[in-house]
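Here are the chains, one letter per residue:
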Amino acid sequence: MIPGAFDYRCPKTVDEAVKLLATPDSRILAGGHSLLPMMKLRFAEPARLIDINRIEELKGITEERDRDAIRIGAMTTEAELIASPLINARVPLLAEAARQIADPQVRNRGTLGGDAVHGDPGNDHPAVLIALGASYVLRGPKGERSVAADGFYLGTFMTQMAAEEILTAVVVPVPPAGGGHAYCKLKRKTGDYATAAAAVQLHLSGGICSRAAVALTNVGPTPLNASAAAALLTGKRIDEALIEQAAQAAMAICDPAEDLRGDREYRTAMAGEMTRRAIRLAVSRAQGG
Amino acid sequence: MAKQHISFTLNGEAVETLVEPRELLIHTLRERLNLTGSHIGCETSHCGACTVDLDGRSVKSCTVLAVQADGANVMTVEGLAKDGQLHPLQEGFMQEHGLQCGFCTPGMLMRAWRLLQENPNPSDEEIRSGMSGNLCRCTGYQNIVKAIQYAAKKLAA
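Sequences listed follow chains A and B, in order. Sequence positions in the first sequence follow my numbering and run 1 to 289. Sequence positions in the second sequence follow my numbering and run 1001 to 1157.
Fair warning: there could be bad hints in the mix.
Unchecked claim - Under the rule of at most 20 Å between Cα atoms (straight-line distance), these lysine to aspartate or glutamate pairs were calculated in the DMTMM-like manner:
#1 187(A) - 1125(B)
#2 19(A) - 57(A)
#3 187(A) - 263(A)
#4 12(A) - 1031(B)
#5 1146(B) - 1096(B)
#6 1003(B) - 1020(B)
#7 40(A) - 1043(B)
#8 142(A) - 263(A)
#9 40(A) - 1124(B)
#10 1003(B) - 1070(B)
#11 59(A) - 1055(B)
#12 40(A) - 120(A)
#13 1003(B) - 1016(B)
#14 59(A) - 144(A)
#15 40(A) - 1020(B)
#16 1154(B) - 1043(B)
#17 12(A) - 57(A)
#18 187(A) - 258(A)
#19 59(A) - 45(A)
#20 189(A) - 263(A)
#21 40(A) - 25(A)
#22 189(A) - 1124(B)
#23 12(A) - 144(A)
#24 1146(B) - 1083(B)
#25 1003(B) - 259(A)
#26 187(A) - 259(A)
#27 1082(B) - 1126(B)
#28 1003(B) - 258(A)
#29 189(A) - 1126(B)
#30 189(A) - 1091(B)
#31 12(A) - 1070(B)
#32 1153(B) - 1125(B)
#33 40(A) - 7(A)
#34 187(A) - 144(A)
#35 1153(B) - 1091(B)
#36 189(A) - 1043(B)
#37 1003(B) - 45(A)
Hints are computed from structural coordinates only; laboratory data are not their basis.
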């Protein structure tokens, strides 16, 4: 299988890439592990491919102390996220999700940015970035803007990013110390998208949950912010009964497609189970377990 | 589309060729540079038979454009044996019966080679997760793990 013909460009700067994007039917090539398979199958046939792998300003992970956030270049690979001491120390939820994506070779090519804005509900980072309250830095012909991950996803393969824009970085606020996190993903095999997955980031203060975020992967046309589930946890001591209520609230917003991973009922039930497991694990980590 | 000129280092030697931008690295290696050790399996980045080393990292060459390898350092299974001597990994796969039909073996060897560069003394569990992007339909993986352990021990000696 070979992709259809295209005009190949390999800019060295973001500005150059934005200019090239002005030509209709242009697509950005990041890690290529979603786009190239789609092009082989003729699900995508861009006239121009803009390869951003050689743009240095899209790489690197830096701490922005003034706003207590981590800025991650869009072309940071999954392998780089996993290997980053800064990510593991400050935003371990992101590394935990990256470890569950695809396989070693694919993680060497696949990027945070590509996964974040591709728009496939099977992508793992969107739910994680929603749970972390991350935002996306987009650059287009009119300049730069920042869009929250929560609300960015409008439908399957539909996002707030315009065709002439490029994602340059993901900015993740550092969760306060003493928090707990978990990304629990059910998949049939290595390399599969989630049957269902849940991302949880929470904080305990004197045994009481002072803040919580819960988001779900691949159980709807977009990643889902299970804010009702998170609200149930907030301000309370988390016990099994409360976890069950939160799981039910998460299941209530699921709208999965039936596919080879299971029917709607099964995938919804698994979203509930992943939510239970992720909350339990996050609580145990917050307690130092 | 016009062909583009690319040059890169392949198993330690400088090579150059002309490719269409849509050409995948695996096809350039096999059909233009006549190194048919890397195999084409699933063509969808699942099976790992086409795994090669690109600038110090394992990649699936069915999902990398040849133009993206311009200027890179590429190693394929043909680069493993030196002076007619099998690499300890190749020896290990032979001694421990790490293959039956052999189709997945070039990708297994190249992934295992990089894995041992990154982690010279892996546990069985680390081998299994490190090799999780390579599928074998014959062996059930037991002997592949043993073959990689064989090589790790021999390389450490």
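Worksheet item: Against the structure shown, which of the earlier numbered hints fail to hold, in ascending order?
Response: 4, 8, 9, 16, 19, 24, 25, 27, 28, 30, 34
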